[in-house]
Amino acid sequence: MENKKPYFKIDTSRLQTTDEHGNRVYVHPEDLKGRWKSLRLKVYWVLIGVYLVLPWIYIDGKQWVMFNIAAREFTIFGNTFLGHDTPYLIFLLLGFAFFIAIVTVLGGRVWCGWACPQTVFLDSLFRKAEVFVEGNSRERRKLQEAPWNKEKILKKSLKWFLFAFISTHITHSFLGYFVGTHHLLEITSHSPLEHWPLFLTMLFINAVVLFNFGWFREQFCIIMCPYGRFQSVLMDENSLVVAYNEKRGEPRKAPHDSPETRGDCVNCFQCVRVCPTGIDIRNGTQMECIACTACIDACDSIMEKINKPSGLISYTTEAALSGKSSKFIRPRLFVYSFFLIALFITTFFLLKEKDALRLLVLRGGSAPFSVIEKIDGSSLRVMNHLKLEFYVQSPQNLSLYFELDKSLEGKKIELITPHIPFVLNKKGRNVTNIFIKFPKDLLINGSFNTNLHIYQGDNSGEKSLIMEKEISLIGPF
Amino acid sequence: MTKENDPKLLDHNYDGIQELDNPLPSWWLAAFYGCIIVGIGYFAYFHLSNKATLRAQYQEALSHHLTIKDAYLENLSQFEQEKFDQIITQKEMVDYGKSVFTSNCVACHAANGAGDIGPNLSDDYWLFSDGSPSGIFPFIITGNPAAGMPAWGEFLEEDELYAVLAYIISIRGIKQDHPKEPQGDFFEAKLASP
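Protein chains in written order, with this note's numbering: chain L, 1 to 477; chain C, 1001 to 1194.
Okay, chain L solo, but in the shape it has when bound:
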């Protein structure tokens, strides 16, 4: 049977999507319906909804999620990070890595089949448009092989027009995360020439998106995606995979066999026909498999027709297939979870610290210090001018008082603060200048380190210490 259909002749010694010269073999997977497919589509639409709606959420006039690269201001769920907050990024990335590891240990490549933008946009939008214009798998392949005639030109241009329409929307939403949706909306109502760098960026991203979803597709998953490459070291025999039950299916139906010895697989190639990466799942877990469940739906529909129980291809584990019971709890799960929780707690406390108040001490003025001659000429006095930059996430009307370390009492040090108290009433940066006058004798080799104490005052006049900052007083040698 399969000899008549050369498409289904699977050569396991090379990628199914390249021929013997390395040229692309375009896959035309059947667009089927089924239990998992309809569930997947629901998840996809929720995810697309999140992607489209998220950049339009504004809280207190501020975009809730935004990555403003030009201003080096990154807002994630209302928390603003500035360029110098980059060290926090390591926690985010590490957390993401461990999270992915846990997900893979438990669910195998569920990310690929259920949540990866590559699969989500491709299955819910681009393939739908393709089926709408060019028809089912057989019709699409026929059109591909047909010579260029009027019908082919018409269908192909309509398809690519729809693709471009979709990719333009994806691209603009994407840019909304970086440029700001309100700002972008205003820009789109102007001539492209007024914002040509952004317009060119949009065209470039659009072209990449269009190329990726229109032509490149599974090549990304198979050859470029790093996650697909290292998933094999994260998974073990207890991880969830989409797999063919060899014990039940084999020996598969063949010409001149007897119904008594035959397994449940009728060799209909329906699982191959629907596979978006062109593999035969019956050859076992393969690196091309993105666990999209299409073959489960395909096989179940056949099993139903021939009155056999469903689940010849199903979500299962290698342990379960070999007759052992699959273990949910495994040491590696605890190790990954431990690191994830530790990272989560660390990040939580760091962010709490960050949210409260941050202080950057700079030297004010062009000269690091100045020397003041006392009128009586008794001792040389030095003045340091410091600029205090406070950063707060929201206007808090904090009243701040400044004092120098208690150990300096009686050493003729004067701290001059223009504002008593200094009130933080602006969101973001609040700046004040302080001046410290001290005798030169205090300095050791031209400098002296001490602490600046920052107190917060409340309505009843009580003051509480909220921050200590080490400062360095400097002067002549």
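Calculated from the structure, these hints are not laboratory results.
Do not rely on the hints blindly, as some may be mistaken.
[Stated by the list, open to error] Cβ pair distances, simulated, as ranges: (1) L:Cys-268 to C:Lys-1008: 25 to 33 Å; (2) L:Met-467 to C:Gln-1183: 32 to 40 Å; (3) L:Gly-428 to C:Ser-1063: 26 to 34 Å; (4) C:Glu-1158 to L:Pro-368: 24 to 32 Å; (5) C:Arg-1055 to L:Phe-67: 27 to 35 Å.
[Claimed, not checked] Examples of chain C residues lying across from chain L (beta carbon under 7 Å, computed): (6) Asp-1006; (7) Leu-1020; (8) Asn-1022; (9) Pro-1023; (10) Leu-1024; (11) Pro-1025; (12) Ser-1026; (13) Asn-1104.
[What the hints assert, rightly or not] No farther apart than 20 Å at their CA atoms in a straight line, the calculated lysine to aspartate or glutamate pairs in the EDC-like style are these: (14) L:Lys-37 to L:Asp-123; (15) C:Lys-1008 to L:Asp-11; (16) C:Lys-1008 to L:Asp-123.
The beta-carbon is built from N, C-alpha and C at its ideal position, and this holds for glycine as well.
Place chain C on chain L using the hints.
Just chain C now, kept in the frame of chain L:
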């Protein structure tokens, strides 16, 4: 797997992991050779031509930046009599100037400009200018770092500079409780615009 049943099999064998000599995908090769071609052009343009080296680009950008900065500072220290005349007649701007003074200048010049580290600003004796608005203004902007006076042009906005100047002019001759002794040369007050 052995060579007999697949002629594409390569010789190496690492713990049973073997490699088949399949051709690379054509799009991959196209990208690879494309990068080499672009790389040659890139190298020739950015490293061999004199105009476009990174150093030349940096120097061009820097000189452009310095031109803008100089023009800005030049423009800023340019005293505009008209603007000053407008501001000094508005009480709220003079009050604003007082708040700028309180935030930035009080530390050295003391409350009401009576003088402490810095000189008394309410008398008729001046160290670095002639005490007229057009004379004081550039000095506020450039300061005198050696004497401890910061270059306020780097910290304050133009409006703040004019407002604080208006405040300084407005305190001329007021009675101080603890004035600092006069420093510098005597200049007759020329406060109104000529």
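To see whether the hints hold, each was checked on the structure:
1. L:Cys-268 to C:Lys-1008: 25 to 33 Å: Given a distance of about 30 Å, which is inside 25 to 33 Å, the answer is holds.
2. L:Met-467 to C:Gln-1183: 32 to 40 Å: Given about 39 Å between the Cβ atoms, the range holds.
3. L:Gly-428 to C:Ser-1063: 26 to 34 Å: The hint (26 to 34 Å, Cβ to Cβ) holds, given that L:Gly-428 and C:Ser-1063 are roughly 33 Å apart.
4. C:Glu-1158 to L:Pro-368: 24 to 32 Å: Holds, at about 27 Å.
5. C:Arg-1055 to L:Phe-67: 27 to 35 Å: The hint (27 to 35 Å, Cβ to Cβ) holds, given that C:Arg-1055 and L:Phe-67 are roughly 32 Å apart.
6. Asp-1006: With a minimum Cβ separation of about 6 Å from chain L (threshold 7 Å), the hint on C:Asp-1006 holds.
7. Leu-1020: holds (5 Å)
8. Asn-1022: Holds, because the Cβ-Cβ distance from C:Asn-1022 to chain L comes to roughly 4 Å (cut-off 7 Å).
9. Pro-1023: With Cβ-Cβ at 3 Å, under 7 Å, it holds.
10. Leu-1024: For C:Leu-1024, the interface hint holds, since the closest Cβ of chain L sits about 6 Å away, which is under 7 Å.
11. Pro-1025: It holds, given that the least Cβ distance between C:Pro-1025 and chain L is near 5 Å, below 7 Å.
12. Ser-1026: holds (5 Å)
13. Asn-1104: It holds, given that the least Cβ distance between C:Asn-1104 and chain L is near 6 Å, below 7 Å.
14. L:Lys-37 to L:Asp-123: With Cα atoms ~10 Å apart, L:Lys-37 and L:Asp-123 stay inside 20 Å; holds.
15. C:Lys-1008 to L:Asp-11: Distance of about 13 Å is within 20 Å: holds.
16. C:Lys-1008 to L:Asp-123: violated (35 Å)
Comparing the model with each numbered hint stated earlier shows that hint 16 is the single one that does not hold.
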